[in-house]
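Chemist: Make a model of the complete structure from these sequences and hints.
From first to last, the protein sequence lines stand for chains A and B.
Under the numbering used here, think of the first position of the first sequence as 82, with each following residue one higher.
Under the numbering used here, think of the first position of the second sequence as 300, with each following residue one higher.
Because the hints were derived from the structure by calculation, they are not lab data.
Treat the hints with care, since some could be wrong.
[Claimed, not checked] Simulated pairs of lysine to any residue, SDA-like, Cα-Cα distance not exceeding 20 Å:
no.	chain 1	residue 1	chain 2	residue 2
1	A	Lys-678	B	Thr-811
2	B	Lys-546	A	Ala-653
3	A	Lys-158	A	Leu-180
4	A	Lys-528	A	Leu-498
5	B	Lys-546	A	Ile-649
6	B	Lys-546	A	Asp-648
7	A	Lys-678	B	Gly-790
8	B	Lys-546	A	Ala-646
9	A	Lys-158	A	Thr-176
10	A	Lys-158	A	Arg-90
11	B	Lys-546	A	Arg-647
12	B	Lys-546	A	Ser-652
13	A	Lys-678	B	Ala-443
14	A	Lys-722	B	Ala-443
15	A	Lys-499	A	Thr-610
16	B	Lys-546	A	Glu-654
17	B	Lys-486	B	Ala-455
[As the list claims (entries may be wrong)] In silico negatives: residues of chain B with every beta carbon more than 12 Å from chain A:
no.	residue
18	Val-364
19	Ala-399
20	Thr-612
21	Pro-711
22	His-814
23	Ala-826
24	Ala-835
25	Leu-853
26	His-857
27	Tyr-862
28	Ile-870
[Claimed, not checked] One side only, chain B facing chain A, incomplete, derived with CB under 8 Å:
no.	residue
29	Asp-447
30	Gly-645
31	Leu-731
32	Asp-775
Beta carbons are placed, not taken as given, at the ideal position from N, Cα and C, and that holds for glycine.
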Amino acid sequence: MRADAAVVRDFLARGARRLAVLSAANGAAVGLTVALALALAGWPRRGSMGTGAVVGVVAAIAGALISVFVSSGRRLKIAQSVEARAPESRNLLVTADELLVPPAYDYVHELVFARAARLVRRLDARTLFPARIPVSAFVTALVLWLLVLARPVLPLPASLGGPGATAGANGLPSIDAIDVVIQPPAYTGQGKTSLRDPSRVEALAGSRITINVRARAERVSLETISAHDSLTKRGSIFVGNVVADADGYIALQPTTADHGGARRLIGLTVLPDLPPRVRIVTPGHDQRFDDGHRQLELTVDASDDIALASLKLRFTKVSGSGERFTFAESETPLSITRRDERTWTAHGTLNLDSLALEPGDMVVYRAVAADKRPTGGTAESDSYIAEILAPGGIAASGFETDPEQDRYAVSQQMVILKTERLLARLSTLSADSLQSASQEIAAEQRKVRAEFVFMLGGELADAPDVTASMTDLNEEQEAEGEADILAGRNANAGHIALLRAIRAMSRAAASLTVSEPTTALPYERTALTQLESAFARSRILLRALSTRERLDLSRRLTGSLTDAARDIESSAEPAASSRVVALRRVLSEVATIAGTKTLTSSNASAASAIAERALRVDPSSKTLQEASSLLAAAADAIAGKHERDARERLDRASSAIVAALRTDLLDAPTNVAGANDARLSGALVDALRSRPE
Amino acid sequence: MNDALVRLALRSIAVTIATAALIDPGVTSNRAQRPTVVVTVLNPETDASLASDVAKTLNRKFDVVRTPVAAASATVVVGGRPPDTDVTAPAFALLSDTTAPSVSIERLVVPPTPPSESRVPVVARMTLHGARGRSLDVSLSAGASTVDHVARRIAATDTTIDIPLSFVPTAPGAAAVRVTATLSGAKSTSVANGEIDARDRRWPVLFYDPRPSWTSTFVRRALERDPRFVVTSRVETSRGVSTDAGKPPAYLNDLSALSTWDVVVIGAPEGLSADDVTGLDTFMRRRGGSVVLLLDQRVAAPYDRLTGVATWTSRTTTSTSLASFRRDSISLRAAEVVFPSALPIGATIIAGGAQPVVWQTPVGAGRLIVSGALDAWQFRDPSTSGFELFWRQTLADAAAASPPPVTVAASPAILSPGEQVTLHATVRAASLTEFRNDRPGARPVRATLSALLTSIGETGTATAVSREVAFTPDADIGQFVATVRAPDRPGVYSVDVTSGTSAADATFIVSTDVHRAHVSSRDLLGAWVRARGGRAFTASNIDGLSSALASTILPPNHLEKWYPMRSAWWIVPFAFALSAEWWLRRRRELA
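Modeler: Next up, the structure:
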């Protein structure tokens with residue numbers, strides 16, 4: 082009896098196992114079908130065969146496990162399943178299955194097991210639970226999935242996800258689609274941006290631009306304004322990377338062994354990561370103290386276009402005198418309040434007492450902010466001074482060179498104040514009083530101005546009298562220095578600002594001289610702004626003496642007059658504008674293409690190349706960017722046999738190039754009169770003038 | 300007593316009338332007549348009813364005739380075009396009413412030989428009808444490329460507007476351009492061709508500073524950066540010592556040496572001697588050149604003879620902008636200015652407006668430009684002052700106005716194969732010679748000219764000599780004219796003219812697709828009647844035509860012998876006098 086029970090138990094167990102296997106096969110088939118559907122829907126991305134395989138395997142296993150789990154109920158009722166498929170058992174197997182748990186061995190049991198054993202010996206689990214359909218489903222799903230997975234390497238057309246032909250219908254390689262993924266630099270914390278077939282890409286400097294090109298070609302070359310490379314082929318996709326470092330373009334050209342296809346041009350605009358802006362809000366001006374036993378409360382504002390990384394307050398202790406100065410650099414901690422990652426405000430205390438400052442010493446302090454650029458994008462605020470006065474002395478302004486005390490008595494601020502007061506009582510003043518008061522302020526303005534002229538190395542005697550001329554600032558000296566300015570030798574920003582201040586003072590003085598204080602006031606304020614800029618910008622004013630100014634007085638009046646000769650030079654030849662030359666060439670080439678009766682693929686290549694050259698002329702010009710985009714679009718239209726569109730785009734591109742050229746050229750004269758007309762006009766004028774009154 | 304007198308008077312009147320009737324005296328006097336107006340119908344098939352309406356309306360005031368008569372006082376043309384034969388003026392026109400939108404390019408203005416290093420303004424004058432609220436698109440194309448495009452919305456129904464376009468030559472040489480105007484809703488577009496012959500010519504400019512001048516220096520530097528100019532300069536830095544660039548003339552009073560330059564720019568003109576001023580005057584009158592005086596201070600000096608200015612006004616203010624009177628928006632900035640208190644006769648303002656700081660005046664065949672912007676050189680910041688652009692443009696205009704030794708022009712410049720082209724050539728030396736026939740011992744002015752017509756390939760090289768062109772003297776001294784039949788083969792052709800050591804050339808384009816700017820027949824008729832003292836009216840305004848005729852023409856008076864007694868109306872006073880006399884007598888029982 083035990084043997085019969087064992088036979089029944091084994092049979093049922095075998096059936097359950099078979100049922101589990103078949104369920105697993107069904108589940109795997111479903112899982113693979115799901116993976117197949119996802120692959121057809123584009124996930125994972127085409128060309129990622131490894132990922133696709135993993136996804137399929139995982140889906141199949143998951144499907145199998147789920148199916149096995151779901152079918153566990155059926156397996157527990159295996160006897161019923163067998164009964165359903167073998168009607169001759171007539172409930173014998175169900176009875177035997179129920180008697181197996183718990184096992185009992187009496188007559189009835191013996192009889193049931195014996196008959197059940199005889200029955201199961203006649204039954205075949207493979208017949209009862211056929212594997213044909215689950216296995217077929219699994220195999221079918223597997224094959225289909227494998228086919229979908231292997232599309233990139235199978236000889237399928239590109240429309241079905243295959244690599245496609247290596248050439249288009251016209252025998253030339255071509256680009257079907259371009260996907261661009263822009264990954265901004267990690268420090269920005271910004272996410273990726275994806276673009277499909279863009280004509281222009283804008284990316285933050287340092288961004289990594291990944292280009293996926295689906296092309297019917299053997300190779301795809303990538304050209305930027307500074308480099309040339311080939312894309313890596315991954316299945317049917319060509320992949321390459323570009324780092325956005327400068328305005329320019331990305332030109333993509335599909336090629337085969339024999340031919341080159343039409344280039345696709347993508348304009349590239351690189352947006353720079355601007356340096357932080359930082360300023361010391363309080364105290365925000367130079368200070369002078371009698372002693373160093375005090376603290377400076379500082380407030381600093383900083384901001385950045387993306388994110389700030391750090392904000393510090395650095396100071397330099399300057400001690401000593403004469404030629405024995407010592408400088409000590411240090412930092413003081415700041416308490417930073419972050420409104421957001423772009424805008425910070427900091428508070429700090431500069432403890433002068435701890436610096437052991439002696440009379441005459443000073444501390445120059447400035448705030449330094451950095452953004453998150455790994456290359457260190459830092460910016461400094463204007464520097465301010467905290468100075469300890471020497472006993473019995475006045476503040477060493479550092480900017481005033483004349484020892485006469487009264488020269489400093491009138492500051493530019495005082496001139497403004499006096500002018501404002503004069504304006505306030507303008508309505509009550511008579512014309513004479515106004516003239517007198519105005520001229521008095523004019524004299525003070527000239528006095529202030531004289532200090533700065535002297536500071537710049539100018540001789541006061543060189544400056545014409547302001548009452549005689551508007552040219553109070555010795556423009557001729559400035560004009561003589563124009564060559565220096567052009568050559569960048571006067572690039573010191575403080576120097577330029579001071580020149581501007583002097584100029585504004587001159588105009589203010591001129592206006593005051595003619596009793597126009599209303600006109601003078603804006604000039605006075607401009608002068609003050611420029612002075613502040615000059616002294617805050619660099620803290621240093623170089624009193625450079627140019628070679629021309631170094632006169633060797635001992636040689637004066639010692640030359641021979643006959644040596645003075647005519648100086649003969651050749652006429653100046655203007656340099657041709659390379660921009661105009663290049664744009665004219667581009668325009669001529671566009672006209673050549675537009676003049677072609679039938680546009681062919683070679684015209685498409687030429688248009689694409691011209692688009693690149695147009696952009697190369699000035700990558701940052703919006704007009705040329707537009708022209709380049711239109712030329713690239715025209716190239717596409719030519720390649721796509723859309724001749725009408727192509728010609729319309731070529732037309733618009735021509736207009737855009739001409740618009741860019743127009744800005745570089747002046748109008749041709751239109752008043753070209755003949756000699757006879759001119760003579761007639763002259764004769765008429767002569768006759769009219771000789772007529773007696 | 301009174302009755303007797305009255306009866307006597309009445310009797311006398313009757314006898315006088317009867318006697319006068321028997322004598323039948325004739326009187327000769329000026330008598331006014333009803334004006335005769337000729338109504339001419341150009342196309343009787345379409346305009347007959349309109350002509351009848353006109354005649355009916357005018358008959359009230361005028362004698363209307365349908366055929367031209369010598370005694371007509373005016374003519375009314377009914378139709379859409381000028382008649383082929385001339386008519387009695389004043390002429391009026393009556394046009395059929397039309398509201399159909401239309402556009403036509405009336406004129407295309409293109410500089411004849413612009414420098415290739417410039418943008419070429421092309422002005423298209425459009426005449427629009429029924430255009431109110433419609434959009435006008437005008438495009439300029441060269442070859443197959445559109446190089447400029449302007450779109451406008453039109454506010455007026457019938458108007459004439461100038462559309463500015465510009466062309467940028469890609470290389471020196473002749474290029475055919477085409478202007479296409481499309482008015483929305485109009486049945487057809489209007490097309491006109493033109494020729495732009497861009498030249499690689501550079502204008503020679505001489506700067507002459509009797510002493511160093513910052514104004515002159517900075518104007519010179521501006522020109523030295525412009526590839527359209529070749530700048531030669533002399534700056535007298537001391538007595539007998541100068542700084543020269545190029546090969547300037549030793550003196551300004553030598554016309555043969557000075558005639559090389561189109562423009563002479565004088566810095567610090569108060570340093571010029573009387574001889575220098577005479578030389579400059581001759582340069583302007585005999586060479587047709589341009590002289591520019593750049594003042595940096597105002598003192599009386601010999602150059603005053605050139606300007607013709609009696610008194611000057613000087614003004615010092617804060618720097619002000621001096622707007623240019625050209626169509627561009629370039630302005631100059633200056634604080635110290637001098638200008639004529641009264642602008643000399645014939646002078647025109649270049650910049651300054653109420654204060655004519657920069658102005659020019661014709662001097663002979665040349666021109667004098669005077670700048671009183673003393674310190675404009677100090678305002679050279681491009682963001683606030685167009686110092687450089689102003690002077691580049693002003694001196695370009697001055698140079699272009701100076702005629703070269705020989706000029707030749709083709710008209711029309713673009714034509715169909717076999718069409719006639721007229722060539723006009725001018726020899727400057729002869730043209731500007733002051734020739735007085737009435738002066739004893741006057742010597743004839745001689746000028747010779749030879750010319751060759753050649754075809755030019757696309758590359759600009761002459762490929763085949765075609766033929767010589769025979770010029771004949773024209774109406775004026777130094778001017779020649781020739782008429783040539785355009786070759787049958789389309790292409791660019793050049794006429795190279797030589798006179799002595801000087802040469803010039805003109806190009807024309809032969810094309811099978813020529814569209815010329817033209818005035819529409821209606822507009823032409825309008826201009827035609829305006830030229831004949833009349834106006835054009837539409838059919839809906841016939842009454843306006845009648846009023847205009849009445850106010851324009853005077854009834855004709857003419858000397859006429861007439862017989863006053865032949866009027867039948869005399870019977871009335873005669874009968875009255877006799878009847879009244881008989882009635883008075885009957886009342887007195889005298890009869």
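Chemist: Against the earlier hints, flag every one the structure doesn't satisfy and list their numbers going up.
Modeler: none
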